[in-house]
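**Q** Chain A is fixed; fit chains B and C onto it per the hints.
So the sequence lines, in the order shown, correspond to chains A, B and C. Take the first sequence: its letter number 121 is residue 121 in the working numbering, and every next letter is one higher. Whatever position you read off the second sequence (first residue = 1), add 215 for the working numbering. Whatever position you read off the third sequence (first residue = 1), add 274 for the working numbering.
Among the hints, a few may not be true.
Stated by the list, open to error - Using C-beta positions, here's what the derived DEER-type ranges look like: (1) A:Ile195 - C:Asp278: 20 to 26 Å; (2) B:Leu242 - C:Ala405: 55 to 61 Å; (3) C:Asn469 - A:Thr81: 27 to 33 Å; (4) A:Cys68 - C:Gly427: 47 to 53 Å; (5) B:Leu242 - C:Asn469: 43 to 49 Å; (6) B:Leu242 - C:Gly389: 45 to 51 Å.
If you are wondering where the hints come from, they were derived from the structure by calculation, not from laboratory data. Here a beta-carbon is modelled for each residue, glycine too, at the ideal position from N, C-alpha and C.
Listed here are the chains, written in short residue letters.
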Amino acid sequence: MTTRAGELSPDEKKDPKNWTNRLRGRLEGLVPPGQALPDRQPVYVASWIYVFGVLTLTSLVVVIASGCVLSLGGVEWWHVTSLGHYTNSVHLWSVELTFGFMVIHLWGKFWMAAWRGKRAMTWMSGVLLFAISIGTSFTGFLSQSNFDSQWIAGQAKDGLNSVGIGAFFNVLNPGQMLLYHVVILPLVVGLLTLIHIILVRRHGVVPPLDADLEG
Amino acid sequence: MSALSIVAEGPGKYVNWGVIQISVANLTIIGVMILLFILALVVPFPTHDEQDDQEGHSR
Amino acid sequence: MSRDRTPDSHDFPTRPYDLVKEFVIALIVVLVLSAGLAAIFSSPDTKAVTMSGWAKANPNDLAATAAGELAGTTTSAGYGAPYNTNGDGQKLGPLPLQKWAGVRLPVNSADLVLGPLSNASDIPAVTAALATWKTATPEQQTKWATAYTDALGKVDNDPAKVATGDYGPVPALSTGLVALAKTGGLEGELTSSGNFYGGDKTRSLLLLSDGAYLEDLARAQNLGGDQWGMMNEAGNSPGQPWMWLYTLWYQIEPFKSSDNADAQVWGIMMFLTLLLILLPFIPGLRSIPRWIPIHRLVWRNYYRRAKRA
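Chain A on its own, in the form it takes in the complex (with noise of 0.2 Å):
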């Protein structure tokens, strides 16, 4: 079974008005038991394709790490010192890695049909990721004070109001896009995150096609 909706915890039973009894029911429920960080994995999770998920999440560990020493730093840091600068061609370059390990683990699922048993969620918090990254990204490029963020910024913005987006968010205030790019969007990729890992512990790695049970 891949999921306890509905089973209720003994102690859920016993006191089944208790909100911590029933929060914790719910998170236990959650991934089957054992699954969260199982030793063992099925058969058929035999190929190179597979690691291109956690080379994502790795790769956005190191997003996270170089963007908070950025942040110990400043927004002008990376202009006036040399490990600054160095600390944002590490963020940089995290970046790129995230998207094209992203890109190809998400090539891989597609080929996979991946969304079969139920795994529909896992492939849509997987696309709405894959968006907001973008959408991440595009806020850390106009926080670079320099010229690009200034092009970037005037561009964009057309974009945006073309579709009313932009009266609410101005690419072109540095402090508002700084904040989404630091607080808001790391927030929201980080949850995703979370979900899409859960979900893949919940219902595990999806089966071959055509895959008949043994014996």
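**A** Okay, now just chains B and C, sitting in the frame of chain A:
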């Protein structure tokens, strides 16, 4: 900037093909990604299945 | 695929696997790659264009832009929402989304010139010009400014070569702005909130975007919209290869010459994104992996053993 940096601040190198125009840098990245994808599909993944006689179920 | 017959993954035989070790190895690989790529290729940092830089490198362009703001002929002057009501903006099909959003970031383009000059210039010629401008009727103001921008256009925007004519205070205001820009004080004057800590560069960026200087610099680096610019970065740096499909539409008709290109391209991309998100539910599209069986490479070991069993 790093002394080893090969990023020039002048206009970069571009490849043109009909309406398509793409920087050498971007083309390289896309090329490497496609190569990685193909390699991931064809390179064997070490599983030691022949030695592994004890197959268990997850539950 | 009307009924999903995918078996439960937990019912398959398993083998030992170390997820945490896999994570740690992947983290080390990515750290080494990021650190290495950063050391070798660095990251571009083209200095921002300043108003002072603009005034010194291309004073004629700034002078013409200033005159255009006063005449109401610049892009920002006729933009419409969210800055003003001087244009209807773009439509997505029949929907005037731009207009519907309303004027939430009000900017008066003439004030991009008049505001800084009123606050920060104490050149007598400018003060007098401002007084003349303020006491004139709107029709007179437009007449002067339009005549001057037309005249400038005939002499490559060089104020020194402009034919004599009735331009009122516009030439003085326009060259006054260039002089103010050269001092380095123009950005500060244009900061939207008008406070010491202004972090909102809307007005400065609108003025900058109204000129040709910024765009010329960008186009020289292949960053223009019709140069696949959305994907590109200055110099030889990699840019945003993942933007290829978004920018592709701008390179081809009918979008290339459409007045509503931005709204149309946005609409197409949102639709395609929605298709990708909802792929599991779309018959035909979701069957492509069956028709083109790349998955047989991924699971070749499993299929071989299943056949033997």
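**Q** Hint by hint, work out which the structure violates, then give me just those numbers in ascending order.
**A** none
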